[in-house]
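Participant: The residues making up each chain are set out below.
2 protein chains.
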Amino acid sequence: MLPGCGKQPGRTNGLDKGMIQMSDNSFWNQLKWTEDGLIPAIIQDVHTGRVVMMAWMNRASLEKTLETRRTWFWSRSRKKFWMKGESSGHVQVVKDVAFDCDGDVLLMQVEQTGAACHEGFRSCFFRSVNSDGSDFFETEERLETPEAIYGKK
Amino acid sequence: MLPGCGKQPGRTNGLDKGMIQMSDNSFWNQLKWTEDGLIPAIIQDVHTGRVVMMAWMNRASLEKTLETRRTWFWSRSRKKFWMKGESSGHVQVVKDVAFDCDGDVLLMQVEQTGAACHEGFRSCFFRSVNSDGSDFFETEERLETPEAIYGKK
Chain A
1 MLPGCGKQPG
11 RTNGLDKGMI
21 QMSDNSFWNQ
31 LKWTEDGLIP
41 AIIQDVHTGR
51 VVMMAWMNRA
61 SLEKTLETRR
71 TWFWSRSRKK
81 FWMKGESSGH
91 VQVVKDVAFD
101 CDGDVLLMQV
111 EQTGAACHEG
121 FRSCFFRSVN
131 SDGSDFFETE
141 ERLETPEAIY
151 GKK
Chain B
1 MLPGCGKQPG
11 RTNGLDKGMI
21 QMSDNSFWNQ
31 LKWTEDGLIP
41 AIIQDVHTGR
51 VVMMAWMNRA
61 SLEKTLETRR
71 TWFWSRSRKK
81 FWMKGESSGH
91 VQVVKDVAFD
101 CDGDVLLMQV
111 EQTGAACHEG
121 FRSCFFRSVN
131 SDGSDFFETE
141 ERLETPEAIY
151 GKK
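Protein chains in written order, with the working numbering: chain A, 1 to 153; chain B, 1 to 153.
Okay, chain A solo, but in the shape it has when bound (with noise of 0.2 Å):
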């Protein structure tokens, strides 16, 4: 029997009535979670290589990411469900779900819409550090304020 079959759809979590049941094929039995029920997501921009940003998802959120093909994240600060782009409008358009050796990490390619992130940077990786390690530096120019990103709407 092919992994998931016999089983009915329509599994809720909370989140999405008419997900589709995901629980006993081999792509989810290859994951670890930590004991909060997170792995992390690295989230890459499919055109330019350019890593963007990392963020954490649950078990729901993944399962949400695959459907939807929108990338949904748990915010541990917030304990809530985000969508990024859901206030700025910087979307992420999923291409790609990969994971990891040890099935601990995910590592996403996608179709960046603006500036990933929130300060307005295409990458939240717009600084690195000195050639001694004493200082840093911006790499990248600012694409938007983040006021005129969140007042937007």
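Where hints are given, some of them may not hold.
Because identical chains cannot be distinguished in the list, a pair is counted as satisfied if it fits within a single copy or across any two copies.
Claimed, not checked - Below, a list of computed lysine-lysine pairs in the BS3-like style, where the Cα atoms sit at most 25 Å apart:
hint, residue 1, residue 2
1, Lys95, Lys32
2, Lys32, Lys80
3, Lys32, Lys79
Note that these hints are calculated values from the structure, not bench results.
Keeping the supplied structure of chain A fixed, place chain B upon it in accordance with the hints.
Facilitator: Chain B alone, transformed into the frame defined by chain A:
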């Protein structure tokens, strides 16, 4: 006064007696560590843009990484320092160290020798999920067998 000025070099932390004092300067003040004193480090091939792995660093391993320009990590399972390539020879020469807007993730550009993955793939992210999220497939060719890598010594 420049960050770190007036400090004596040679702070010992059990790793390297010649380590530079970097406690009070501005780069280090940007970083946030987990309760266990760790920070995730995403490792990207500077030439190809391929994300090859993610692993955890503590403060001492990050200091050692900046000092030696080789990647040093903290193994949570083995509770020990390790230098990438110490067994395999597949070292990573660090060309850039960036950190994200929240200061809780590092992104390092490296020159990677050979396979980054202990399973013999160029990247640890050698598997991707298929389109309906039910299964996965390999996206890279294996460069070497683990036996060839770790049997070399």
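Participant: Work down the list of hints and note, for each, if the structure agrees.
Facilitator: Do the hints match the structure? See the list:
no.: 1; hint: Lys95 with Lys32; verdict: within (22 Å within a copy, 31 Å between copies)
no.: 2; hint: Lys32 with Lys80; verdict: both (21 Å within a copy, 21 Å between copies)
no.: 3; hint: Lys32 with Lys79; verdict: both (20 Å within a copy, 19 Å between copies)
Of the hints listed earlier, there is not a single one the structure fails to meet.
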